[in-house]
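Chains as they are written, first to last, in numbering that gives the first Met the number 0: chain A, 0 to 652; chain G, 0 to 192; chain R, 0 to 166.
Calculated directly from the structure, the hints in this document are not laboratory data. Glycine residues also receive a C-beta, built at the ideal position from the N, C-alpha and C atoms. Worth double-checking, as some hints may not be accurate.
Unchecked claim - Taking lysine to aspartate or glutamate and the EDC-like style, the derived pairs with C-alpha atoms no more than 16 angstroms apart in a straight line are:
(1) Lys499/A with Glu164/G
(2) Lys81/G with Asp463/A
(3) Lys84/G with Glu616/A
(4) Lys163/R with Asp146/R
(5) Lys333/A with Glu17/G
(6) Lys87/G with Glu41/G
(7) Lys152/R with Asp166/R
(8) Lys607/A with Glu567/A
(9) Lys418/A with Asp463/A
(10) Lys587/A with Glu616/A
(11) Lys610/A with Asp107/R
(12) Lys587/A with Glu56/R
(13) Lys63/R with Glu522/A
(14) Lys610/A with Asp111/R
(15) Lys139/G with Glu60/R
(16) Lys84/G with Glu639/A
(17) Lys508/A with Glu118/G
(18) Lys326/A with Glu118/G
(19) Lys81/G with Glu52/G
(20) Lys81/G with Glu522/A
(21) Lys132/A with Asp115/A
(22) Lys333/A with Glu41/G
(23) Lys627/A with Glu616/A
(24) Lys140/G with Glu56/R
(25) Lys587/A with Asp156/R
Stated by the list, open to error - Coverage of chain R stretches by chain A, computed from C-beta distances (three or more under 8 angstroms per stretch; other residues unrestricted):
(26) 69-75
(27) 135-141
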Amino acid sequence: MSRINSPAELEQFRKGILSKRDPNKPCIALCSGSACLASGSDQVAASLEEEIEKQGLSDQVEIRRTGCHGFCERGPITIIHPEETSYFQVEPEDVPEIISQTVKGKQVIERLLYVDPSTNEKIIHESEIPFYKNQERLVLGSNVSIDPKSIDDYVAIGGYSALAKVLSGMTSEQVLEEVKKSNLRGRGGGGFPTGIKWQGAAALPSHVEGSRNASGETKYVIVNADEGDPGAYMNRSTLEGNPHSVLEGLIIGAFAIGAQEGYIYVRQEYPLAVENVDIAIKQAEEYGFLGGNILGSGFDFNVQVHQGAGAFVSGESTALMTALEGKVGEPRPKYIRSNVKGLWGRPSVLNNVETWANVPLIINKGADWFTQFGTERSKGTKIFSLVGKVTNTGLVEVPMGTTLRDIIYKIGGGIPGGKRFKAVQTGGPSGGCIPEELLDLQVDFDELTRAGSMMGSGGMIVMDEDTCMVDVARYFIDFLTDESCGKCVPCREGLRQMHKILTNITVGKGREGDIELLEELSEVAIDASLCALGRTAPNPVLSTIRYFRDEYEAHIKEKRCPALSCKELISYYIDPTKCQACMICLRKCPVEAIDGAKSKIHIIDQEKCTKCGTCFEVCPSRFGAVIKISGEPVPSPIPEDARTIVRKSKKNE
Amino acid sequence: MSEILLQIDGKKVQAREEMTILEAAQSVGIFIPTLCHHEKLEPYGACRICIVEVTVGGRTRLVVSCVYLVEENLVVRTRSEKIDKIRKAILELLLAHAPDSPKLQDLAKEYGADKDRFEKEASFCIHCGLCVRYCAEVKKKNAVGFIDRGIRKEISFIPEIASKECWDCKECFPLCPTSALQAAYVLIEALAS
Amino acid sequence: MRLVHSSENEPICEKAAMDTDRIDQIIDNHQGEASSLIQVLLEIQSEHRWLPREALERVSEKLKVPLTRILHIATFYKAFSLVPKGRHEIHVCMGTACHVRGASRVLDAVQDLTGIRPGETDLDLKFSLETVNCLGCCALGPVMAIDGKTHGKMAPDETADVLKNYD
Chain A
0 MSRINSPAEL EQFRKGILSK RDPNKPCIAL CSGSACLASG SDQVAASLEE EIEKQGLSDQ
60 VEIRRTGCHG FCERGPITII HPEETSYFQV EPEDVPEIIS QTVKGKQVIE RLLYVDPSTN
120 EKIIHESEIP FYKNQERLVL GSNVSIDPKS IDDYVAIGGY SALAKVLSGM TSEQVLEEVK
180 KSNLRGRGGG GFPTGIKWQG AAALPSHVEG SRNASGETKY VIVNADEGDP GAYMNRSTLE
240 GNPHSVLEGL IIGAFAIGAQ EGYIYVRQEY PLAVENVDIA IKQAEEYGFL GGNILGSGFD
300 FNVQVHQGAG AFVSGESTAL MTALEGKVGE PRPKYIRSNV KGLWGRPSVL NNVETWANVP
360 LIINKGADWF TQFGTERSKG TKIFSLVGKV TNTGLVEVPM GTTLRDIIYK IGGGIPGGKR
420 FKAVQTGGPS GGCIPEELLD LQVDFDELTR AGSMMGSGGM IVMDEDTCMV DVARYFIDFL
480 TDESCGKCVP CREGLRQMHK ILTNITVGKG REGDIELLEE LSEVAIDASL CALGRTAPNP
540 VLSTIRYFRD EYEAHIKEKR CPALSCKELI SYYIDPTKCQ ACMICLRKCP VEAIDGAKSK
600 IHIIDQEKCT KCGTCFEVCP SRFGAVIKIS GEPVPSPIPE DARTIVRKSK KNE
Chain G
0 MSEILLQIDG KKVQAREEMT ILEAAQSVGI FIPTLCHHEK LEPYGACRIC IVEVTVGGRT
60 RLVVSCVYLV EENLVVRTRS EKIDKIRKAI LELLLAHAPD SPKLQDLAKE YGADKDRFEK
120 EASFCIHCGL CVRYCAEVKK KNAVGFIDRG IRKEISFIPE IASKECWDCK ECFPLCPTSA
180 LQAAYVLIEA LAS
Chain R
0 MRLVHSSENE PICEKAAMDT DRIDQIIDNH QGEASSLIQV LLEIQSEHRW LPREALERVS
60 EKLKVPLTRI LHIATFYKAF SLVPKGRHEI HVCMGTACHV RGASRVLDAV QDLTGIRPGE
120 TDLDLKFSLE TVNCLGCCAL GPVMAIDGKT HGKMAPDETA DVLKNYD
């Protein structure tokens, strides 16, 4: 593919691509993001290719393997264009029918459509499904239209036009102004105003030793794609599904601050993202969007990919830069901002994937357009990964200011299994749990912080009545004792002790004073830790104490787990009034702890029981005889002669 | 280098640019406790016990004095209720690993730290990094380093290098705040295998 | 105190013949730059399924970085292993979304079936087990990945069926 040497040439090229594409040509868009791949979209793709060839349609029907559509619960997702007929949970066996009925016959296959659970209505178009209808997919929306491995697809939807606009005569100050005016705040968790961060690097403060003219100082731009918050995968889907959007934002940022070198630091746990970014960079270099004299502007910029190697803390910005320098990715104690002294001690602007992906939108449509979305102090949209105990799990993009209730119920479809909502955890290990009474909170940076949590990178984990909040706190501290770099005392030692205390509480060894000790250790970590991991580590603990103190007290004082979750504090018991002696649990028990027979009421031997929960799960719901008990002794077994079930038979009536 | 005027515990201090608060304090005889600091080594900022309160531009925050550079009109407090509480906690957390360390015990007296507050876990190492950093920065032999992370982090000697270098050196031994014998123990174990 | 020895406690296995030339080639692919240390180690790990001591010493020599730094990196990051890994790597996700959906029970089942705990490799060098803190497939939790292939919506009693496909 030949190099594009000017913005005008780019427009010509774009028109050329569009003229060769027939919008009425049937195109099957198959989601091939990581979750759909795990659900089998590779096999569906193979089946599609085979069937199309078999029917001799290779010239007439296109297959486009796109990035993540976001509705990961229902993958593999297939959309047939131009009608935009949307099918969910597609299997290879469905393919021949899809080709003949829908692609050729233009008819809809009802059983593959989405059914709205509240109206029982079948919905044909993806955009009309409640999950999608209530979102504002400014950043993720393009995923459904492009094959991430095709730069032409990106150009066809207007890609790189923001870069062309910038290099067609905007000055770096003008770009900075636009980004500042947009009030874009970092989407990685810190929420720091992006424009101000860029400004700091663009114009060096004069007290920097040995400072030369800004244009003489090597500067860097960095993409933080080390998305380590468990439960968050927004960056993954953006990088896998639309890597060029991130590259374009990065090149524009580099121009604005005067950087000629950039890095993309990606988790190695995201091999598909690494692959697609590598391809995108090669293609961008071929077209001349990267390298020397970009679009004839005289601006040079090159980018390198570095992989992470499996450490959550290396996603912290100073740790990331240390890792880029080839050293152990531990955070550095520093009071000089990275945009002044960062990578190799030079001005470095590090931003999250989602932040960079917003930049082309802001340049193309303007800061004024951007500021119409969101709240007073948090503009634009945010992508959340809505996961856990929620019906429609997936990636959700909404304007800042949308309430938690709307996200979880209107878009998420509420809690499955008829269970009650208990809490939603946001912000990953640095965030906190938000209870039911705050569901009408309008999600933005400041509101979440006020509630004792934080935005973080956008993980939103829904929990129901079966989730033990003390165990949630223990889980996060457990995570952090492993992921802490271990350098500073408040974090390493503070977390070590907090972990012991929380584990003890969940196994029934909690003591009076434990809550106060947790609070004291939390204070020390918040005040004195070296980096943000340590400073925010107490959040899950403090927020659960704040809103669910009664659960802590039940564990400590009564040795009772209200959610019936903590293994050491619960017992499984078969209610003799409900047991129908069907033998299912007896057979499935892995340690043969259940005594009984056909027509003989089953009893669990508490000494042998390992609390695996299998009996609870396999007992037919029409009996519901297995229950969990906590905080009180298990009732004594009923006498032997009461165990026989007399079954009424027709003969005796 | 220009002169910087700041205030530490009410005392006016003249410092040079690029000095840390710790250095400035030491230059006028104000004592700030440290565990991971050494004048021959790059500041590490890990033990956090040198933490102080700084006020500049109307904003007050806690910073570690071994890393924070002096600024014009900076107001520093080296003791306060909050600072003492933090130092006490740090000492108690470390005493769980090295209850017999003379250095820790001295500081414990000053801050009322109770060595039995937390359950003992005898590892002796408080991760000050002095041995590792001294061997890397001063001796440039890199015979000992850190391995792993989080609560599993430890120091480890490299047998091939240690067997050649350490016996004649042992300069890191007196630096160890918890026990000079601790380093020796590790070394002998390494050489014996 | 831990000593990171070269070959003492390895399981009985074929000691992968370490090709010095191949190590040199990997280092040269990254322009012999010290800042690419982690990338070099990732490539060695991926090819050999572990980081042999001799390889680390070679890297230390050619990139002119202290062995202590390399050993710290090799033990700090989960991607690296100083002992040979099994033919099949099982990763059970313990991220928050998976945890809330019962990942610990899936892990228990895998541990029972393979006989190993996270961080271990079985004696036949067939399976290595690790927990991961998030694979980014949260909508499909609980998630288990084997050799990079993701298996979503895992139930504890399904693990046996999945594992028996691997030899």
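Status of each hint after checking the structure:
1. Lys499/A with Glu164/G: The given pair, whose Cα atoms are some 40 angstroms apart, is violated under the 16 angstroms limit.
2. Lys81/G with Asp463/A: With Cα atoms ~38 angstroms apart, lysine 81/G and aspartate 463/A exceed 16 angstroms; violated.
3. Lys84/G with Glu616/A: 49 angstroms, violated
4. Lys163/R with Asp146/R: Roughly 14 angstroms between the alpha carbons, so the hint for lysine 163/R and aspartate 146/R holds.
5. Lys333/A with Glu17/G: Given that 16 angstroms is the threshold and the Cα spacing comes to 14 angstroms, the pair holds.
6. Lys87/G with Glu41/G: 25 angstroms, violated
7. Lys152/R with Asp166/R: 23 angstroms, violated
8. Lys607/A with Glu567/A: 14 angstroms, holds
9. Lys418/A with Asp463/A: Holds, at roughly 6 angstroms.
10. Lys587/A with Glu616/A: 10 angstroms, holds
11. Lys610/A with Asp107/R: Holds, because 12 angstroms separates the two Cα atoms, which is no more than 16 angstroms.
12. Lys587/A with Glu56/R: 52 angstroms, violated
13. Lys63/R with Glu522/A: 42 angstroms, violated
14. Lys610/A with Asp111/R: 15 angstroms, holds
15. Lys139/G with Glu60/R: 15 angstroms, holds
16. Lys84/G with Glu639/A: 62 angstroms, violated
17. Lys508/A with Glu118/G: 14 angstroms, holds
18. Lys326/A with Glu118/G: It is violated: about 34 angstroms lies between the C-alpha atoms, which goes past 16 angstroms.
19. Lys81/G with Glu52/G: With a Cα-Cα distance of about 9 angstroms, the restraint between lysine 81/G and glutamate 52/G holds, given a limit of 16 angstroms.
20. Lys81/G with Glu522/A: 10 angstroms, holds
21. Lys132/A with Asp115/A: With Cα atoms ~12 angstroms apart, lysine 132/A and aspartate 115/A stay inside 16 angstroms; holds.
22. Lys333/A with Glu41/G: Measuring from Cα to Cα gives roughly 13 angstroms; hence the hint holds.
23. Lys627/A with Glu616/A: 11 angstroms, holds
24. Lys140/G with Glu56/R: Holds, because 15 angstroms separates the two Cα atoms, which is no more than 16 angstroms.
25. Lys587/A with Asp156/R: This hinted pair holds, its Cα atoms lying about 10 angstroms apart.
26. 69-75: holds (count 3)
27. 135-141: Answer holds; 6 residues pass the 8 angstroms Cβ test.
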